[in-house]
Amino acid sequence: MITFSKAFHAALSVSLVFVLVLAGCSSNKETNAGTTEGTNGSPNADTASFVLGEQPLEFSFYGHYDWYTMPPWGEDLSTKWIKDNKKVNVVPISSGGSAKQKLNTMIVSQELPDVIWMERDADVEKLRSEGLLVPFDDYLDKYPNLKRWAGEATLDMLRSPDGKLYQFPNWYTTQPNGNAGYLVNKKIYEELGSPSLETTDDLYAYLTQVKAKYPDVVPLEVGQSASGIDVLVSAFAENRPYTYNAMKAVPTGDQLGSIFTDAAFRESIQYASKLYREKLISQDSFTQKLEQVEQKVMTGKIAVFAASSPTEFGAKGNALLKADDPDAGYIMVWPVHKAGLDKNKIFPGDYKQLGWNVSVITKAAKDPEAVFAFLDWFTGPEGQRIIMWGPEGLYWEGTDAEEAPQFTEKFTSDIEGREALMAATVNFQWNGNTVYVDDSKMKFESTLPAEKRSWETYWQSEITWKTQYDTTEFVNLDPAGDTDEGIVAQSIFDIYEKARAKAIMNAASDEEVASILDKAEADAQKAGYEKLLKYKTTKWQENVSKLK
Amino acid sequence: MKLSFGDKTFVTVNYLLLFLLGFTAFYPFWNAAVISFNAGTDTMLGGITFWPRVFSLDNYEVVFKDKRLIDGFVISVLRTVVGTVLSIAATAIFAYGMTKRNLIGKKFYMIFCVLTMYFSGGLIPSYLLIRELDLMNSFWVMVIPGIISVWNMIIFRTFFMGIPGGLEESAQIDGSSNWGILFRIIFPLSGPVIATLSLFTAVYHWNDWFSPSLYISNIDLLPIQTKLQQILNSNIMLEQMSQMDSAAQGRMSSMRAVTTKSLSMATMMVATVPILCVYPFVQKYFVKGVLIGSLKE
Amino acid sequence: MLQTNIRKSQHVFKQPGLTKRFMKQWDIQLMVIPALLFIFVFSYIPMYGVLMAFQDYSIFKGFMNSPWVGFKHFEMFFHAPEFWTVMRNTLVISLLKLGVGFPAPIILALMLNEINNRIFKRIVQTISYLPHFLSWVIVSGFVVSMLSTDNGSLNILLESLHLIKEPINFLSLPEYFWAILVTTGVWKEIGFASIVYLAAIAGINPHLYEAASIDGASKVRQIFSITIPSILPVIVVFSILAIGNLLNAGFEDILLLAGNPVLRDVSDVIDTYVYRVGIQNSRFSYATAAGLFKAVISVGLLAGANYLARRSGNSLW
Numbered sequence: 078m079i080t081f082s083k084a085f086h087a088a089l090s091v092s093l094v095f096v097l098v099l100a101g102c103s104s105n106k107e108t109n110a111g112t113t114e115g116t117n118g119s120p121n122a123d124t125a126s127f128v129l130g131e132q133p134l135e136f137s138f139y140g141h142y143d144w145y146t147m148p149p150w151g152e153d154l155s156t157k158w159i160k161d162n163k164k165v166n167v168v169p170i171s172s173g174g175s176a177k178q179k180l181n182t183m184i185v186s187q188e189l190p191d192v193i194w195m196e197r198d199a200d201v202e203k204l205r206s207e208g209l210l211v212p213f214d215d216y217l218d219k220y221p222n223l224k225r226w227a228g229e230a231t232l233d234m235l236r237s238p239d240g241k242l243y244q245f246p247n248w249y250t251t252q253p254n255g256n257a258g259y260l261v262n263k264k265i266y267e268e269l270g271s272p273s274l275e276t277t278d279d280l281y282a283y284l285t286q287v288k289a290k291y292p293d294v295v296p297l298e299v300g301q302s303a304s305g306i307d308v309l310v311s312a313f314a315e316n317r318p319y320t321y322n323a324m325k326a327v328p329t330g331d332q333l334g335s336i337f338t339d340a341a342f343r344e345s346i347q348y349a350s351k352l353y354r355e356k357l358i359s360q361d362s363f364t365q366k367l368e369q370v371e372q373k374v375m376t377g378k379i380a381v382f383a384a385s386s387p388t389e390f391g392a393k394g395n396a397l398l399k400a401d402d403p404d405a406g407y408i409m410v411w412p413v414h415k416a417g418l419d420k421n422k423i424f425p426g427d428y429k430q431l432g433w434n435v436s437v438i439t440k441a442a443k444d445p446e447a448v449f450a451f452l453d454w455f456t457g458p459e460g461q462r463i464i465m466w467g468p469e470g471l472y473w474e475g476t477d478a479e480e481a482p483q484f485t486e487k488f489t490s491d492i493e494g495r496e497a498l499m500a501a502t503v504n505f506q507w508n509g510n511t512v513y514v515d516d517s518k519m520k521f522e523s524t525l526p527a528e529k530r531s532w533e534t535y536w537q538s539e540i541t542w543k544t545q546y547d548t549t550e551f552v553n554l555d556p557a558g559d560t561d562e563g564i565v566a567q568s569i570f571d572i573y574e575k576a577r578a579k580a581i582m583n584a585a586s587d588e589e590v591a592s593i594l595d596k597a598e599a600d601a602q603k604a605g606y607e608k609l610l611k612y613k614t615t616k617w618q619e620n621v622s623k624l625k
Numbered sequence: 048m049k050l051s052f053g054d055k056t057f058v059t060v061n062y063l064l065l066f067l068l069g070f071t072a073f074y075p076f077w078n079a080a081v082i083s084f085n086a087g088t089d090t091m092l093g094g095i096t097f098w099p100r101v102f103s104l105d106n107y108e109v110v111f112k113d114k115r116l117i118d119g120f121v122i123s124v125l126r127t128v129v130g131t132v133l134s135i136a137a138t139a140i141f142a143y144g145m146t147k148r149n150l151i152g153k154k155f156y157m158i159f160c161v162l163t164m165y166f167s168g169g170l171i172p173s174y175l176l177i178r179e180l181d182l183m184n185s186f187w188v189m190v191i192p193g194i195i196s197v198w199n200m201i202i203f204r205t206f207f208m209g210i211p212g213g214l215e216e217s218a219q220i221d222g223s224s225n226w227g228i229l230f231r232i233i234f235p236l237s238g239p240v241i242a243t244l245s246l247f248t249a250v251y252h253w254n255d256w257f258s259p260s261l262y263i264s265n266i267d268l269l270p271i272q273t274k275l276q277q278i279l280n281s282n283i284m285l286e287q288m289s290q291m292d293s294a295a296q297g298r299m300s301s302m303r304a305v306t307t308k309s310l311s312m313a314t315m316m317v318a319t320v321p322i323l324c325v326y327p328f329v330q331k332y333f334v335k336g337v338l339i340g341s342l343k344e
Numbered sequence: 006m007l008q009t010n011i012r013k014s015q016h017v018f019k020q021p022g023l024t025k026r027f028m029k030q031w032d033i034q035l036m037v038i039p040a041l042l043f044i045f046v047f048s049y050i051p052m053y054g055v056l057m058a059f060q061d062y063s064i065f066k067g068f069m070n071s072p073w074v075g076f077k078h079f080e081m082f083f084h085a086p087e088f089w090t091v092m093r094n095t096l097v098i099s100l101l102k103l104g105v106g107f108p109a110p111i112i113l114a115l116m117l118n119e120i121n122n123r124i125f126k127r128i129v130q131t132i133s134y135l136p137h138f139l140s141w142v143i144v145s146g147f148v149v150s151m152l153s154t155d156n157g158s159l160n161i162l163l164e165s166l167h168l169i170k171e172p173i174n175f176l177s178l179p180e181y182f183w184a185i186l187v188t189t190g191v192w193k194e195i196g197f198a199s200i201v202y203l204a205a206i207a208g209i210n211p212h213l214y215e216a217a218s219i220d221g222a223s224k225v226r227q228i229f230s231i232t233i234p235s236i237l238p239v240i241v242v243f244s245i246l247a248i249g250n251l252l253n254a255g256f257e258d259i260l261l262l263a264g265n266p267v268l269r270d271v272s273d274v275i276d277t278y279v280y281r282v283g284i285q286n287s288r289f290s291y292a293t294a295a296g297l298f299k300a301v302i303s304v305g306l307l308a309g310a311n312y313l314a315r316r317s318g319n320s321l322w
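Top to bottom, those sequences are chains G, W and A. Residues 78 to 625, numbered by the working numbering, are exactly what the first sequence covers, in order. Residues 48 to 344, numbered by the working numbering, are exactly what the second sequence covers, in order. Residues 6 to 322, numbered by the working numbering, are exactly what the third sequence covers, in order.
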């Protein structure tokens, strides 16, 4: 053992020397990099605008997701058109399946990509506060699309604490969108006499009936990790989207309160627990993989499917089932509610004006203004038309007064080709313009006879878009993971997950559900929940004042 | 030779158990292969077991048309061959040196090596080192850092020590140098272990997707397994989704929907079958009595 | 500290004859020293990273500018409410994996060795190593669908044999989890791990068997008196290494098979906990502290195992 520790000491001290040497080198580098960046970082507002297509533009793009692979630029119709006509080339940087580590190493070595496409979370703020991002404020008026389509309120919400804008949003919107809700198996529903499915009691009665008559059908499918049960919470209170569950905080007045003591949450878990006990919910809910859910929906082995985005499987399943039997397929129903509540104030899903995620331009970009000019063009009508529906002349020809594309005959006849194009370009939709795209689609759909309309768009316009709640004021409430509040947040998350699963699967009565949730509340308080709620309340109130 | 009753039962039970193991090990692979030959839209319905329901080569067509996957395949092959040859040669020489009883510093050397199996400075220092060595975004970053494997050295050493010492001694008396003994006696007698560790090293190189994902940003240089990993990851991305609003979830899942299960299985097959073919070549070194000739003293 | 170390090492080298002996065996040293230098560069130089455990490391500040905090992260780790659950699970799962997973490939190799039909042997060998090449994502997909309550093949089988009346929710019941995890792991790696033992068996002198069967030893007897003793050095070395690995109870397998949070009390091990709490939240220092704790214990275990193995003459050092 003596030699062992000697060896270890020797090794350690030698490596320490190396550290010092290495650290010396790298810190030198950092300061050098810092000074050079300072000069090219601030854009000069006096210079003329960058005109896309006049000069070539090339930048690197990194999608900060484990699953994201950017398809090769210029190999599909849309990006080829952009490459040829706008002289833009985008070089992909791969996350290689481990995005978090990849970004960390890029930060450490000061080798950031020009554009990072990422969640709108605490990481953006970290990059920003370290001065690694380029603000857009000087460009906003020169390149008008973002300002025009996103609106001042959305941009204000995106602004960082220093009052500047660093984030280019994706699928930002000023009108509701989203697909959360309830999918119903049409054939079973009609065979059971199309009973009323308005209240939670109706739903319970219906599911019991399904179980009795169709033993091999899952009465209520709740998806992977039983996430459909969160959608159900919306039935137990007005204006109560599932987002509050995800936030682990429920607004009451101008304070955020505990999720575990929230009446709607407790009732929804008791309801779900009853359904689970009586085998009205798939017993696999907490373990199944997505593909098993997909299978059940595709083969019509479910009666009701509650999910935050059931339309994707619903549309495919509807087409498959219809092909075999014209009476089969899926419909959607107006979100269920607890008896006594106003059904027009039930919101199973939500949307945020800021959309999904953002692109940020880093100081590594040689000409950040040019990159911004491209992103701005990309989110404008012309860019959106090209990336959504291909170059002009194929599926659309010319535009109307509102710049919406005039779809050609081919748009409805060549569905296969259109879907292939969509598959090739969907992963380039970095800064989608919800209002423009949705309005263009709807305008066209409304000219079609009912049977030709797309299933998805039909239900979106009939139900889902009307029942999604605006939760913009609740963005960015999460603390960074390495702060004190972040550590608490992780504990609360663990307590919540465990309590939720236990209450649904193991509780034998409503009282047991209540006691599991009470214990979770006690554990959460011990872990510092109060502090976290205070942090989130402050953040929320900041947002509220920004939105006013 | 007659077998006793006990021996007969033993042999029968043995065959039976191995057959069962073989079946359970084979089925998932076969099933994945079958799914890769099934039409993607039909696979969604589930229930595919031993044979494709709607036979289709479309998935393979997509895979083979993707220039990036093919490039990745070539990179993987190159990396595996170069990496294995270099690593086995260097590690075997190292291990032979470590078998010498009179090697000065032997104990220190061994502990020095073993510690690295447990203590590691983590990703960031390694990354900075690789960058200082100018190996970033180069093919060699997949080969060089793995040349010496402590684990393999220990196994080599254990096997080398099992070779009868008499052979070495007599060679020494004949005037052979240590290097001469290594190449003329040790290596020729170590067919099975060299074959085995070559296989392990080749499998490691073929399957390693993580280090390229960190050190290589250039998509054209990524091996096929890193690309496969990203495809398989699209199944796990749902975890992060539950925190998002429903509108964003819809956008995200439409991006994922592009890759069907059949297509990922076809990619997996292309990324896996080549390395499977190495084993049968290794097996021929396992034939009993391969060493008899030389062992007769 | 550095000074004293140098002096100490000089002192060692001044032992009479050492330099001379060293020069005499330069050819052997030449086999070893380049490899050691290599290990020094690629493993020891980056090892300064362990210092992160004593800092509040921030990737923006770097090693030089991150504040030093002493043992703060170790204390947090030891005082985390999950610590003892996590330690218990880690040890139980790894001991189960060791107890079942370590002998299994040896037994498989012995069984394969007794097969005379060469074609059958080769086919089984090749097939048994296939699962090693399936990623855990795919394997867990199979396990989940096989154990599913709706149409899972195991439940269907048990029901048709009238062993159970209602499907069992295998992956949601804590009592089944360890068994499922260990079985799946053994199944996945058994074939691949047996290869090295097959290689060891291939080196046994066949005359030993001939002599034994002339003496009338049964097949089972031959296994115990010839095969196992011959491959013992390999078994011992692997068991030392396996004991050193006791704190690595698994990661991806647990992450993917224990999807149900109800299982957390039996499934959470050091690596999954550190991943969830440390790495996903960019708490580098915390993760490093946990890693360093693991490394220290592991080296202790390894040294202990090595000490015990010394009697058999097959120790590492």
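It is possible that part of the hints are untrue.
With the Cβ distance kept under 10 Å, some of the chain A side facing chain W (calculated, not the full set) [as the list claims (entries may be wrong)]:
#	residue
1	F125
2	I128
3	L203
Ranges between beta-carbon positions, derived for each pair [stated by the list, open to error]:
#	chain 1	residue 1	chain 2	residue 2	range
4	A	K66	G	D218	48 to 58 Å
5	A	T188	W	F66	36 to 46 Å
6	A	K77	W	E216	55 to 65 Å
7	A	L237	W	L180	36 to 46 Å
8	A	S165	W	F66	13 to 23 Å
9	W	F328	A	T188	24 to 34 Å
10	W	D105	A	G309	36 to 46 Å
11	A	L237	W	K331	53 to 63 Å
Quick caveat, the hints were computed from the structure, so don't treat them as lab data. Every residue gets a Cβ at the ideal spot worked out from N, C-alpha and C, and that includes glycine.
Tested hints:
1. The beta carbon of F125/A comes within 7 Å of a beta carbon in chain W, closer than 10 Å, and the hint placing it at the interface holds.
2. Hint on I128/A holds. Least Cβ distance to chain W is approximately 7 Å, under the 10 Å limit.
3. With 10 Å as the threshold, the beta carbon of L203/A comes within range of chain W, its nearest partner Cβ sitting at about 5 Å, so the hint holds.
4. Distance hint check: the CB atoms of K66/A and D218/G are about 36 Å apart, inconsistent with the given range 48 to 58 Å.
5. A C-beta distance of roughly 18 Å is found between T188/A and F66/W, which places it outside the suggested range of 36 to 46 Å.
6. The hinted range of 55 to 65 Å is satisfied by K77/A and E216/W, whose Cβ atoms lie roughly 58 Å apart.
7. For the hinted restraint 36 to 46 Å between L237/A and L180/W, the CB-CB distance of approximately 42 Å keeps it satisfied.
8. Restraint check, S165/A to F66/W: a C-beta distance of roughly 22 Å satisfies the suggested window 13 to 23 Å.
9. The supplied range of 24 to 34 Å is met by F328/W and T188/A, whose beta-carbon atoms lie about 31 Å from each other.
10. The hint said 36 to 46 Å for the Cβ distance between D105/W and G309/A, and at roughly 57 Å that hint is violated.
11. At about 26 Å, the CB distance of L237/A to K331/W disagrees with the hint of 53 to 63 Å.
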